[in-house]
Amino acid sequence: MLKTFPKGGIHPPENKITAEKRIRRMTVPKVVYVPIAQHIGIPSEIIVEKKDKVEIGQVIAKSGGFVSSNIHSPVAGVVTKLDMIIDTSGYKKQCIVIRTDVKNESNFEEKEYPLKSQIKMAPKAILQRISDYGIVGLGGATFPSHVKLNVKEGVKLDCLLINGVECEPYLTADHRLMLEKADEIVVGIKILLVALNINKAIIGIENNKKDAIKLFKELTKNEPNIQVAVLQVKYPQGGEKQLVKAILGREVPKNGLPLDVGVIVHNVGTVFAIYEAVQYNKPLTERVVTVTGKKLENPSNFWVKIGTPITDLVEEVGGLPEGTRKLVNGGPMMGKAIKNTDVPVTKGTSGILIISEEEASRGEAKNCIRCGECVFVCPMGLEPHLLMNLTEKGFYEKASNEDIMTCIECGSCSYVCPSHRPLLDYIRFGKNIVKKLQTAKN
Amino acid sequence: MTDSVLYSVLLLASLGIVAAVVLYVVSKKFYVYENPLIADVDEILPGANCAGCGSPGCKSFAEKLVNTEDISDMFCPVGGNEVMKQVATILGKEVAEKDPTVAVLRCQGSCEVRPKTTEFQGPRTCAISAMIYSGETDCQYGCLGDGDCVKVCKFDAMYMDETTGLPVIITDKCTSCGACVEECPRDIIEMRPRNKRDLKVFVGCLNEDKGGIAKKSCAVACIGCSKCEDICPKDAVVMVNNLAYIDPVLCTLCRKCVDVCPTHSIIETNFPPKKPKKVVEKKNVIKKEATVEPLNVKTDA
Numbered sequence: 001m002l003k004t005f006p007k008g009g010i011h012p013p014e015n016k017i018t019a020e021k022r023i024r025r026m027t028v029p030k031v032v033y034v035p036i037a038q039h040i041g042i043p044s045e046i047i048v049e050k051k052d053k054v055e056i057g058q059v060i061a062k063s064g065g066f067v068s069s070n071i072h073s074p075v076a077g078v079v080t081k082l083d084m085i086i087d088t089s090g091y092k093k094q095c096i097v098i099r100t101d102v103k104n105e106s107n108f109e110e111k112e113y114p115l116k117s118q119i120k121m122a123p124k125a126i127l128q129r130i131s132d133y134g135i136v137g138l139g140g141a142t143f144p145s146h147v148k149l150n151v152k153e154g155v156k157l158d159c160l161l162i163n164g165v166e167c168e169p170y171l172t173a174d175h176r177l178m179l180e181k182a183d184e185i186v187v188g189i190k191i192l193l194v195a196l197n198i199n200k201a202i203i204g205i206e207n208n209k210k211d212a213i214k215l216f217k218e219l220t221k222n223e224p225n226i227q228v229a230v231l232q233v234k235y236p237q238g239g240e241k242q243l244v245k246a247i248l249g250r251e252v253p254k255n256g257l258p259l260d261v262g263v264i265v266h267n268v269g270t271v272f273a274i275y276e277a278v279q280y281n282k283p284l285t286e287r288v289v290t291v292t293g294k295k296l297e298n299p300s301n302f303w304v305k306i307g308t309p310i311t312d313l314v315e316e317v318g319g320l321p322e323g324t325r326k327l328v329n330g331g332p333m334m335g336k337a338i339k340n341t342d343v344p345v346t347k348g349t350s351g352i353l354i355i356s357e358e359e360a361s362r363g364e365a366k367n368c369i370r371c372g373e374c375v376f377v378c379p380m381g382l383e384p385h386l387l388m389n390l391t392e393k394g395f396y397e398k399a400s401n402e403d404i405m406t407c408i409e410c411g412s413c414s415y416v417c418p419s420h421r422p423l424l425d426y427i428r429f430g431k432n433i434v435k436k437l438q439t440a441k442n
Numbered sequence: 443m444t445d446s447v448l449y450s451v452l453l454l455a456s457l458g459i460v461a462a463v464v465l466y467v468v469s470k471k472f473y474v475y476e477n478p479l480i481a482d483v484d485e486i487l488p489g490a491n492c493a494g495c496g497s498p499g500c501k502s503f504a505e506k507l508v509n510t511e512d513i514s515d516m517f518c519p520v521g522g523n524e525v526m527k528q529v530a531t532i533l534g535k536e537v538a539e540k541d542p543t544v545a546v547l548r549c550q551g552s553c554e555v556r557p558k559t560t561e562f563q564g565p566r567t568c569a570i571s572a573m574i575y576s577g578e579t580d581c582q583y584g585c586l587g588d589g590d591c592v593k594v595c596k597f598d599a600m601y602m603d604e605t606t607g608l609p610v611i612i613t614d615k616c617t618s619c620g621a622c623v624e625e626c627p628r629d630i631i632e633m634r635p636r637n638k639r640d641l642k643v644f645v646g647c648l649n650e651d652k653g654g655i656a657k658k659s660c661a662v663a664c665i666g667c668s669k670c671e672d673i674c675p676k677d678a679v680v681m682v683n684n685l686a687y688i689d690p691v692l693c694t695l696c697r698k699c700v701d702v703c704p705t706h707s708i709i710e711t712n713f714p715p716k717k718p719k720k721v722v723e724k725k726n727v728i729k730k731e732a733t734v735e736p737l738n739v740k741t742d743a
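Protein chains in written order, with my numbering: chain Z, 1 to 442; chain H, 443 to 743.
Worth flagging that the hints you see were computed from the coordinates, not collected in a lab.
Any given hint could turn out to be false.
Residues from chain Z shown here face chain H by an in silico Cβ test under 10 Å; the list is partial [unchecked claim]:
1. 89
2. 318
3. 322
4. 325
5. 338
6. 361
7. 365
8. 425
Dumping the calculated DSBU-like pairs for lysine-lysine here, alpha-carbon to alpha-carbon at most 35 Å [said to hold, decoys possible]:
9. Z/336 to H/615
10. H/652 to Z/62
11. Z/190 to Z/120
12. Z/436 to H/506
13. Z/393 to Z/93
14. H/657 to Z/92
15. Z/116 to Z/282
16. Z/295 to Z/214
17. Z/111 to Z/81
18. Z/436 to H/558
19. Z/393 to H/540
20. Z/116 to Z/200
21. H/593 to Z/326
22. Z/30 to H/558
23. Z/436 to Z/93
24. Z/294 to H/658
25. Z/295 to Z/62
26. H/615 to H/676
27. Z/93 to H/652
28. Z/93 to H/540
29. H/669 to Z/50
Yeah, the Cβ is synthetic: ideal placement off N, Cα and C, and Gly gets one too.
Pulled out of the complex, with its shape left as it was, chain H reads as follows:
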């Protein structure tokens, strides 16, 4: 009885010792040197593996940061300036500073304003619809509404609004990794600077058709009237192919263009309500705000 206990203890102990020796030898023999800095940098990075930086994951980005001389063109959009500053202190290299950005949806074509003219029966993904035809509405530039961007978002920062049929970006959760921008076959999602209090003014339309045709397919389409271009004091509005684009660098958020747009295709977000005095003067302004508001990018408060 005691023998069998003793033997098994001895046997297991010797097995353990042999295994320990083998493991020790192997770990010495096949030791791979890894720069300890990589682990340090990896620690700081957000660990979301979103590929927003261009590398497949945070670990490989850390390796790239450590192994590259000049890292001024690399940036982690999720961690932002704060993380990059820490990386810079660890590595003793210069890093670029970028203004934080946020994704915005440049389409307001909800079911209400952009009627469906056809029905697509194939698989519900934007990529396949876009390959087959110009979509269920008459606008061949706008949102297809099948939510490929929502599926690709790793941060739960997007959801499909069932009433409008458009995706909604939750600004607080958006890390500006750019996955949705990449995924959208229509390129309607754009990265724009995250201003103070998240104030934004941008054209919520990409329709390049001539005014009449654009308006027919969607009530809030940019008709290329150039009124916004004329009124802009900073020349921030550019008209290309019947479509206005507001340059985020030049724009001072004065909102003059918002008031003058006849189709309300310029979106303003998070501005406090206008002074009552103005409201009395321009009745249509209130009306417009009331209709446009539900489509705005929400700040998930």
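Here chain Z stands alone, though its shape is the one from the complex:
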């Protein structure tokens, strides 16, 4: 029996069309647009000015508080302006615009990074490095990693989970990374174990990535501290709470964190970024992005510099196909439609999905027929139809009592609804309002 979370879940068509494609390096963009709010928490503070020359990896915006992160220049070049650019939120946000210096060779040289498996740093120094080098959770939520790893004394922690599930359809960024950088990821896990001073790590991989499972089982054969857990193919297996429940059988309390049950979860992408930061002093300036879509000429996985406009990515895969209706930042389930192709890639962009007319249509919303499908699939055990109704009618207090805040926004309810009701849209809205009401109360 494969491990899985007990409640709900769905299995949408996987469509992992880029699973066999090696990660290519993107051509260096001419101009990068680096938003200063790329992570959850306080936006970073810009420390460069117009016309400043910057080098690759130079800090251009420094952390604005504890729950914040440094941002480094992805290219060597000149800051042309500090402007407002539409980012993935759909609104204009402060961005640092850097024109790449085409004469500067550091932009184009491809360094070799041989495996460095010796860990020389002390736990404190590792955490400091992670904080300095702007590492955030690359699974999509972009929570600053140093905050997550900063375990207060007295808190019981016994296990590190590595999230290699990638349960989102279409996306293959983590899958490819696991295949191509497996050794580095294993070292990265060891670094984290040293930093956290624990001796148990489990890598969770969904059963549709058989090659990655085989590879990691092989690599960790002689590592008593690292295990591989094979998980059933089910969405949202990669949700933090679902993963903890599936692998360890521990229930994260509502409104709590995995740390409450002695677990920390990190994405494989984050682990690789941590490896590079600690072993090679490389700040987080690029990430793997899957550019995919059924109609695309050449869907691929790329190493992309943060701040690259999506136009460049689209060009690289052969341009927008005819009849393109929607561009999604992320996967089809949890991703967000973006407004235009000028939106830059940020630390949280795991994929760009290009959807055609037929796939994009949502269907007309009809009345709820009380079939209970949404309740059946909700991995958090909520009643989405009720939460939507309460939000629609403005009963936010009641919605709060019905645990609207525990919703992980996986979208399973909207996916299965036979009446095409916009369940998640309303629940998300309700969550926003309830959050506001709660902060107003405190």
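Following the hints, complete the assembly by docking chain H onto the known chain Z.
Only chain H this time, still in chain Z's reference frame:
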């Protein structure tokens, strides 16, 4: 036969008497004193329960008026000065006098002048669109066009104009309760003084982008050129973040700014047509009026 009639009459009569006694005792025993003034005040209030005063309904506002010492900061926007004066005579308290206001829509971004660049397929409410992104057009400040304000108006004073895609405020019906101002996620509805003959001059735009970008997203956007600020004899125009705002207190409705605005983003309402002499001088003025007129706040005549 007569017995059964008699018994039932007696039975019902005695039941009635018992019930009357019980009700009498209970009403005496559980009597709650309510200041009779509350009922009097409630009588005068409009009874619309619009919550424009801040209280959930007219009855609770009446209670608040009666029970509070100093009521000078309370006001019923629907009833206006007249109702407040009556309240003052009943209660013998001082009330504030406020100039009547009316809601105005500070956006002229109709489908014609502000092209749609994306399409939103989610639920059609402004609140959700605003949460998800900056709207179907490239202007992230203007009207989203899903009519949350119309839905919230209790006085039927608003409707959606299908050709422009913007809400229209029927000035005669507007009670300035402020529900729409509260509801609009973009804050494009503003309460401005209801002048004589409902004359108004205001900037019909909230776009804070730089001129070129603003103009690109909407043909009638305020581009922040400051011409109106320069020409205003009363210093009523303030420029903040590339956007002009006309202070209704200082404005004398001279309309100089309207003529000078290059994008026609300053709206004038209910002014009589200009003298023919002027029209000959400035041809573009007529043109402008012709295009801007359909978007104006209508006085539902």
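Hint check:
no., hint, in the structure
1, 89, "holds (7 Å)"
2, 318, "violated (23 Å)"
3, 322, "violated (17 Å)"
4, 325, "holds (8 Å)"
5, 338, "holds (8 Å)"
6, 361, "holds (8 Å)"
7, 365, "holds (7 Å)"
8, 425, "holds (5 Å)"
9, Z/336 to H/615, "violated (41 Å)"
10, H/652 to Z/62, "holds (27 Å)"
11, Z/190 to Z/120, "holds (12 Å)"
12, Z/436 to H/506, "holds (28 Å)"
13, Z/393 to Z/93, "holds (32 Å)"
14, H/657 to Z/92, "holds (16 Å)"
15, Z/116 to Z/282, "holds (13 Å)"
16, Z/295 to Z/214, "holds (31 Å)"
17, Z/111 to Z/81, "holds (29 Å)"
18, Z/436 to H/558, "holds (31 Å)"
19, Z/393 to H/540, "holds (34 Å)"
20, Z/116 to Z/200, "holds (21 Å)"
21, H/593 to Z/326, "holds (30 Å)"
22, Z/30 to H/558, "holds (29 Å)"
23, Z/436 to Z/93, "holds (21 Å)"
24, Z/294 to H/658, "holds (33 Å)"
25, Z/295 to Z/62, "violated (40 Å)"
26, H/615 to H/676, "holds (31 Å)"
27, Z/93 to H/652, "holds (14 Å)"
28, Z/93 to H/540, "violated (40 Å)"
29, H/669 to Z/50, "holds (29 Å)"
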